[in-house]
Amino acid sequence: SAVISQKPSRDICQRGTSLTIQCQVDSQVTMMFWYRQQPGQSLTLIATANQGSEATYESGFVIDKFPISRPNLTFSTLTVSNMSPEDSSIYLCSVKGAGVNNEQFFGPGTRLTVL
Amino acid sequence: ILNVEQSPQSLHVQEGDSTNFTCSFPSSNFYALHWYRWETAKSPEALFVMTLNGDEKKKGRISATLNTKEGYSYLYIKGSQPEDSATYLCAFTNYGQNFVFGPGTRLSVLP
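Protein chains in written order, with my numbering: chain A, 806 to 920; chain B, 6 to 116.
It is worth saying that the hints were derived from the structure and are not from the lab. Keep in mind that a hint or two might mislead.
[To be verified] In silico DSS-like cross-links for lysine-lysine, where the CA-CA straight-line distance does not exceed 25 Å:
#, chain 1, residue 1, chain 2, residue 2
1, B, Lys63, A, Lys870
2, B, Lys74, B, Lys47
3, B, Lys62, A, Lys901
4, B, Lys64, B, Lys83
5, B, Lys63, B, Lys83
6, A, Lys901, A, Lys812
7, B, Lys64, B, Lys47
8, B, Lys62, B, Lys74
9, B, Lys47, A, Lys901
10, B, Lys83, A, Lys901
11, B, Lys74, B, Lys63
12, A, Lys812, B, Lys47
None of these values were measured; they are calculated from a predicted model.
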């Protein structure tokens with residue numbers, strides 16, 4: 806298993822501002838994943854962050870809105886840019902386990918409210 | 006587009022009641038079905054990973070079954086306790102290894 810921490814745990818932000826969320830893992834991992842859960846919706850994958858290359862974004866998510874950094878094998882950041890109330894969500898980072906079933910281990914999430 | 010559904014959306018039960026929820030997923034290209042428990046302000050906790058049709062898994066008072074041919078899984082909680090209150094998520098993975106989550110079932114156990 807992996808122990809994952811996220812900062813901040815929650816924040817309330819004004820429309821038009823940006824917030825950077827940090828994710829720290831207690832072991833080196835190749836891939837880190839960023840998800841969001843909007844109110845009443847499913848957890849949805851935003852992007853996959855690989856160390857040493859650009860993140861791969863899922864359909865509907867773009868780098869200008871959600872820039873991601875992956876400076877080393879234990880750390881990643883996700884920035885939510887030019888926020889609007891629709892960005893109010895829980896944002897989680899995750900990593901895959903080493904087993905054959907590719908379990909995912911998650912951070913505790915960042916609860917973002919945009920006014 | 007892969008779609009995973011869960012029902013009910015939310016559930017209130019009395020302490021000591023037994024309960025169950027459903028996860029429906031695509032039956033084609035199935036690889037694994039994952040169940041998670043997610044308490045507020047905590048990390049989602051993996052409960053089960055199920056891969057074979059007919060699988061049954063148990064962890065304490067919680068158990069799960071899997072039917073890959075018809076595309077559903079049931080999660081059962083026997084003798085619910087207040088500490089079982091959480092959102093229960095299922096996630097389907099196919100051979101592409103993408104995780105597709107359902108919207109969750111929010112369980113409240115009243116003392």
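Right, here's what the structure says about each hint:
no., hint, in the structure
1, B:Lys63 - A:Lys870, "violated, 42 Å"
2, B:Lys74 - B:Lys47, "violated, 34 Å"
3, B:Lys62 - A:Lys901, "holds, 21 Å"
4, B:Lys64 - B:Lys83, "holds, 11 Å"
5, B:Lys63 - B:Lys83, "holds, 11 Å"
6, A:Lys901 - A:Lys812, "holds, 20 Å"
7, B:Lys64 - B:Lys47, "holds, 20 Å"
8, B:Lys62 - B:Lys74, "holds, 18 Å"
9, B:Lys47 - A:Lys901, "holds, 18 Å"
10, B:Lys83 - A:Lys901, "violated, 30 Å"
11, B:Lys74 - B:Lys63, "holds, 21 Å"
12, A:Lys812 - B:Lys47, "holds, 13 Å"
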